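*Asks:* Listed below are the residues making up each chain.
Number of protein chains: 6
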Amino acid sequence: MPVSKMESKIKVSEVLIDALEYMKKFRDQVFVIKLGGEVMVDDGVLDAVAQDIILLNYVNIKPVIIHGGGNEISKAMERLGKKAHFVKGLRVTDEETMDIVQMVLIGKVNSKIVASINKNGGNAVGLSGKSAKLFLSEKRKSDVDLGFVGDIKEVNSDLVSVLLENNYIPVVSPVGIAEDGTSYNINADTAAAKLAVSLGASKFMILTSVDGVWDKNKNVIEKMNSKDAEKLIDSGVAKEGMIPKLRACIQAVGQGVPAAHIIRGDRHRLLEEIFTAKGTGTMIKAK
Amino acid sequence: MPVSKMESKIKVSEVLIDALEYMKKFRDQVFVIKLGGEVMVDDGVLDAVAQDIILLNYVNIKPVIIHGGGNEISKAMERLGKKAHFVKGLRVTDEETMDIVQMVLIGKVNSKIVASINKNGGNAVGLSGKSAKLFLSEKRKSDVDLGFVGDIKEVNSDLVSVLLENNYIPVVSPVGIAEDGTSYNINADTAAAKLAVSLGASKFMILTSVDGVWDKNKNVIEKMNSKDAEKLIDSGVAKEGMIPKLRACIQAVGQGVPAAHIIRGDRHRLLEEIFTAKGTGTMIKAK
Amino acid sequence: MPVSKMESKIKVSEVLIDALEYMKKFRDQVFVIKLGGEVMVDDGVLDAVAQDIILLNYVNIKPVIIHGGGNEISKAMERLGKKAHFVKGLRVTDEETMDIVQMVLIGKVNSKIVASINKNGGNAVGLSGKSAKLFLSEKRKSDVDLGFVGDIKEVNSDLVSVLLENNYIPVVSPVGIAEDGTSYNINADTAAAKLAVSLGASKFMILTSVDGVWDKNKNVIEKMNSKDAEKLIDSGVAKEGMIPKLRACIQAVGQGVPAAHIIRGDRHRLLEEIFTAKGTGTMIKAK
Amino acid sequence: MPVSKMESKIKVSEVLIDALEYMKKFRDQVFVIKLGGEVMVDDGVLDAVAQDIILLNYVNIKPVIIHGGGNEISKAMERLGKKAHFVKGLRVTDEETMDIVQMVLIGKVNSKIVASINKNGGNAVGLSGKSAKLFLSEKRKSDVDLGFVGDIKEVNSDLVSVLLENNYIPVVSPVGIAEDGTSYNINADTAAAKLAVSLGASKFMILTSVDGVWDKNKNVIEKMNSKDAEKLIDSGVAKEGMIPKLRACIQAVGQGVPAAHIIRGDRHRLLEEIFTAKGTGTMIKAK
Amino acid sequence: MPVSKMESKIKVSEVLIDALEYMKKFRDQVFVIKLGGEVMVDDGVLDAVAQDIILLNYVNIKPVIIHGGGNEISKAMERLGKKAHFVKGLRVTDEETMDIVQMVLIGKVNSKIVASINKNGGNAVGLSGKSAKLFLSEKRKSDVDLGFVGDIKEVNSDLVSVLLENNYIPVVSPVGIAEDGTSYNINADTAAAKLAVSLGASKFMILTSVDGVWDKNKNVIEKMNSKDAEKLIDSGVAKEGMIPKLRACIQAVGQGVPAAHIIRGDRHRLLEEIFTAKGTGTMIKAK
Amino acid sequence: MPVSKMESKIKVSEVLIDALEYMKKFRDQVFVIKLGGEVMVDDGVLDAVAQDIILLNYVNIKPVIIHGGGNEISKAMERLGKKAHFVKGLRVTDEETMDIVQMVLIGKVNSKIVASINKNGGNAVGLSGKSAKLFLSEKRKSDVDLGFVGDIKEVNSDLVSVLLENNYIPVVSPVGIAEDGTSYNINADTAAAKLAVSLGASKFMILTSVDGVWDKNKNVIEKMNSKDAEKLIDSGVAKEGMIPKLRACIQAVGQGVPAAHIIRGDRHRLLEEIFTAKGTGTMIKAK
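Residue numbers (the numbering used here), protein chains in the order written: chain A, 300 to 586; chain B, 300 to 586; chain C, 300 to 586; chain D, 300 to 586; chain E, 300 to 586; chain F, 300 to 586.
Careful: at least some of the hints might be erroneous.
Which copy? The list can't say, so a pair holds if one copy fits it or any two copies do.
Result set (BS3-like, lysine-lysine): computed pairs, CA atoms no more than 30 Å apart in a straight line [claimed, not checked]:
1. 310 <-> 324
2. 323 <-> 577
3. 324 <-> 438
4. 310 <-> 522
5. 418 <-> 310
6. 577 <-> 438
7. 418 <-> 323
8. 323 <-> 381
9. 418 <-> 440
10. 323 <-> 438
11. 530 <-> 452
12. 517 <-> 310
13. 374 <-> 438
14. 374 <-> 323
15. 323 <-> 452
16. 418 <-> 452
17. 522 <-> 440
18. 324 <-> 452
19. 586 <-> 310
20. 438 <-> 418
21. 584 <-> 538
22. 438 <-> 517
23. 323 <-> 310
24. 584 <-> 515
25. 538 <-> 452
26. 452 <-> 517
Simulated from the structure, these hints should not be mistaken for lab results. These figures come from a predicted structure and were not determined experimentally.
So here's chain A without its partners, still in its complex pose (with noise of 0.2 Å):
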């Protein structure tokens, strides 16, 4: 056998071998991960975010997957000819709004990540978090009316544990329903934190457009605790989108999953992070 390939051979069983020690680690465990709305657009990406879930699910961790999907509402309102409205920096969500944002995030988003699981032989449900009231909210409270904004009062997570136990894959959109029936638009990294909890999950990963968290010099921070991230917060060098993130990786890891996780949705991060002892992003644990 020539050097080269004996060499190769040796890798392909040092990275599963290396693979195992993760494996036994988080043995039937369940990971909550975000697709953020960046992961969606080029569907080479997508595809290879699935086949990384597919992956989970046949080492026996339970993965759920839930998604955003801000950018493709933006654009469908915009097809439609609808102008945004904003109060105090708040989007108001109007009924027809709020048509809308089902219809991009259940119809659309959603579908396409049941459609690439699925085509790459795992096996996807598409829920939304009306289904059996998984996502149980109520209207914001505001001073002024933003419509159908919504906040989760209770996360009925049952339906969510049924579908791990038959061993499918949940993908979940963040719209909320109230007792009454409506529909509310609700924020999805705050539902991924939610859920995370519900679930007992021992990561939560958002997959989103940069390489982690960053600090002051714009370095990738690899790991920091809640308090490190509420002063990334404070002081103002965690910016914008990064903030609901932070926000929710705190929230999490403050009620008992373990570690939450900020990492680049790109081509195997996912694998690359949880398989790996080098990992990539940024974790963050609870203290």
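Given the coordinates of chain A, work out where chains B, C, D, E and F should sit on it, guided by the hints.
*Replies:* Positioned in the frame of chain A, the structure of chains B, C, D, E and F alone reads:
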């Protein structure tokens, strides 16, 4: 006790005791119920139908809902300034149209039914036919390219069975998925019939905008068999939208579903059909 | 459709939809229902009560029946020319009397109820309190020897639970058994209350020969609490047979059964109480 | 250790080790045991038989008890001054007689057996053939009206199986129920044989007042087959009460029960038959 | 029937009925039984003990066997010309010795017990304490290096429980395994006691070469408590091999095992102890 | 990110994603893996093989290990000064030799494999073929008395199935047991093949000291069918130890195992065969 009051009391128990006969007859059986677009137009009607469905669930009948939504799709296309294109009477479904089909069916119509059932105290779970490859489909063979119009190759109803065993009420959108992940627009009546066959349902019920199937004198036919139904189509008495409905019923009873029904999608007609001797609409049996 | 017919149809579904609220409220809960001897006098009434019980079973309420039978015992003794003997108002139960008690309660009254439920399509199982030591009893302590009059020491309701899990309707005779195998005559109302407590029942219902509990003006009291009930006894407004019934209700609600009811054992009064807002008879709550 | 003591000790273990062979052979098998009225005359004998039954239960044999009670019925009728009426040798059972039959069988004889087993530490459950339509019956066809004399149409032994799975000892009274709820007096030996067949029993044992089946010289026949049994009846050697017992055995082994036994209902004869090589009474095999 | 024969029959049932009391008492309980090397010397004795163990299994007692084997190890070492080396009375176990220990205990002694049980109709499964880390061990701390002498750190008895639930008879060799895979020689009496505690056994029985524990006059003590046992050791009345046996018993009862027994490993002594009022050997209770 | 690093990361995920295809293919399937004596010579190799086996277990493949050990037996006999005795090329196994066989296989070789798997984080359980009569055997019929050489009569693999269901890794020694308890030396390759058939395994893999099966030019044959294998034996190309290995493979695939493999028992060759397209060694299919 005044006579009038006593009478009314006797009636309450009379109704319940009469209904008991049907509870005995249908216990633990699956009913596949197709809600035509008409049911969804009036919120009051939808809520009434939702209550009927929940009642079935409470007396141990296992309702599975599948819906259409052609009108809603047309409205959405119009709103987007998109023109329908037909070849030999068949709508050509290009990629953008297919996106709209999914958004409307899964994100709007299904979502609305789920909300109505859940606000009335049921435990509905919305699903598309893409989840767990429920409706595994393929492109329709045709002389001209119809785009994303598909036919069901295989019904994988395990997911629906898992939900029924856990006492959820599945609400299914008629969207198919191919092995390669492509989404297909599939006929809702056919999908409903195939789902009924796959689940071993004991009733297949179509709720629509007429009182039942008409004979040539425009009187509703109370009961007929498959052959009668075929004759109605062949003779031209059954027309337009009624033809695919009759074909779906013929298919269902031909493959073992004991009875198919076409009834008006009005307040509590489901209960009237299921829990009274008189019934409503048209019943079709195998022979 | 003629107006009158339409109205009647609306009523059918109205009754069912109204009943749905109560099905939701009581799903999977145990109701212990004590049938007084009066219920068994008229076969038509017994059959109507049997239908009510079966209906409960069909909407996932778990009825457990326990019966009395003093009148039947008296008749049998008379027929045998046996004289009742009383000491301080309490019937002395000698061995032959105890034999008659068992034969009448288990062999006749219980047997008749089982037959009525089973002929109406239910799945009743007749049991005495001796089976699997359901009512483990001991001789009543008393100044004078009352013979085979006993008190329940312990309720072993596992057998009843096994039957309920398998969807049978248990019908229990109030006969106790001591550790040494001796049979004891036990009070049916007390046995019923203790059984309700042991099973964690959510309702304890006594069907008897009056419309409910009377206030001093002989009007039926619709609702009261334990204290009110005690006052009725202490003040002498409640009399004779009503006293042990009230005491059993007080005992049941005092030990965690949410509601006790005293209602007339007439056609379909059970359904009227359980499935209508108005209800019937008297309800007793803890406070 | 003195020789005598050592011997006695060796005997204890010898008996147990000998019995082990039979425990191995019969583990998890159902034995249907019919107790003739004779067994119930002497409380000491009944207690001894009860202990035997409990022992079977403890070594994982599943005993199902069914009893007769003709003598007790006759005594009760006499006590009530009611005369038996015969047409062509068959007792005419009028309604009052049927009431007495039920009271005596279910309320007295069954009740006594249950008490004996339970006081000896078993977990017996008394049942009539009316419960869960165990013995679904119909009126016997006959030239003259025999009243409430019935034949078993169908054995519904699910209830008995549920009790066995939960480790209870069922004690069954031979009373049948028709679809319309009518109670019928049915032959205990036949009922026992049919129950054995329905439960897939591996032994059908009749405990009676003689040592076994006699040959023409009045010696007990240790073993015979169905044909031998038929010859005994045809030739007139078997007489009176032995005839229906033999017919029941022939029926049982003819429908798949491996062995039927007729043995004296005396202290611990059951154990002697089951746990010793020598056995007791008469064994009947299919051929 | 001649008197002598009848008597013998009465004795069979007497023995069984007497044994029934103990079957009731011990049903579904775990007995951990340690077989000393002496039991294995005589094949007849081993077979008799095997039958006793099988009998326990047939009457729903769950026997778990653990064995010693010092003599066999010594013989094997001798056969190999290997000299034992002692430091302060403790055997130094070098690697070759540890190999011999494992070969003899697992490959010979355990194997022989399994064969004996299985040939007598039981379902024995041989296990070492290394399987599924049953006896997770560590090197014994000591002034001088004793080599592969270990102490149990943790008992992982799930494997044994799985086997018991599936009705197998586990036979365990006292060999421990460290986290790093090293095998350790562990004390059999201690291992047995720890296993009994871990399994929640209701009896811990040591079968050995003497009739029981002697008092200072060399009479067997029938019953004593932990304190008595400690005094026997402290006062020097208990000597040599009896000391670790007593310490194991003290440990077992001190941690919740209701009774420990030291009895002669002779034919059917197990049955004598378990199924007779008189018993045999010495019983030790907590206090 | 430097190119080199990115590449290495891509490789990690590439390997895992490639492996995913095989995880999908083999999920929940049983692989019977025979470890030749050669695997056990080098501790590093054994540990590497143990890791491979654990990895299989973690990706839901159910590995069952069975081992040989001829060399170790020979060494032990030599150490004991015991001469091998052959008749017509077959080793005569006297009682002492059989003792050595058991001690070496069960007490040493099996024990070492169990230790290696468990120290690497698996949950191995060592078993001999005597446990629960896994390999029920009989003396080999032969002209001359070969002593304790046996053939398998029946494989009772329930015990192995119970262990697999509970996620243990069974490690089996090829020792048989006769009905009378006699232990027999059985051929490991044959035992492995029969076990694979009995368990419905989807792969039967022999790990040995060569790279695979050679053709006449000493090149490894990558793939062949049963007939090819037979020709290799008949033509004399396959020699010595390869012959029984080929026969075992022929037997396994002839009785329904889809594929048999002969591969070198080297570091991670198992993974190379199972998780790469290229594979290693020789694969034998039915035709």
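*Asks:* Now tell me if each hint is right for this structure.
*Replies:* Structure-based check of each hint:
no.	hint	result
1	310 <-> 324	both (22 Å within a copy, 22 Å between copies)
2	323 <-> 577	both (17 Å within a copy, 27 Å between copies)
3	324 <-> 438	between (40 Å within a copy, 27 Å between copies)
4	310 <-> 522	both (28 Å within a copy, 24 Å between copies)
5	418 <-> 310	both (29 Å within a copy, 23 Å between copies)
6	577 <-> 438	neither (43 Å within a copy, 35 Å between copies)
7	418 <-> 323	both (28 Å within a copy, 13 Å between copies)
8	323 <-> 381	neither (51 Å within a copy, 42 Å between copies)
9	418 <-> 440	between (42 Å within a copy, 21 Å between copies)
10	323 <-> 438	between (43 Å within a copy, 26 Å between copies)
11	530 <-> 452	within (28 Å within a copy, 44 Å between copies)
12	517 <-> 310	between (34 Å within a copy, 27 Å between copies)
13	374 <-> 438	both (25 Å within a copy, 29 Å between copies)
14	374 <-> 323	neither (43 Å within a copy, 37 Å between copies)
15	323 <-> 452	between (35 Å within a copy, 22 Å between copies)
16	418 <-> 452	between (35 Å within a copy, 15 Å between copies)
17	522 <-> 440	neither (35 Å within a copy, 40 Å between copies)
18	324 <-> 452	between (33 Å within a copy, 22 Å between copies)
19	586 <-> 310	neither (36 Å within a copy, 33 Å between copies)
20	438 <-> 418	between (37 Å within a copy, 15 Å between copies)
21	584 <-> 538	within (20 Å within a copy, 58 Å between copies)
22	438 <-> 517	neither (38 Å within a copy, 50 Å between copies)
23	323 <-> 310	both (20 Å within a copy, 21 Å between copies)
24	584 <-> 515	within (20 Å within a copy, 62 Å between copies)
25	538 <-> 452	within (27 Å within a copy, 50 Å between copies)
26	452 <-> 517	neither (37 Å within a copy, 49 Å between copies)
Consistency with the previously given hints fails for numbers 6, 8, 14, 17, 19, 22, 26, ordered from lowest to highest.
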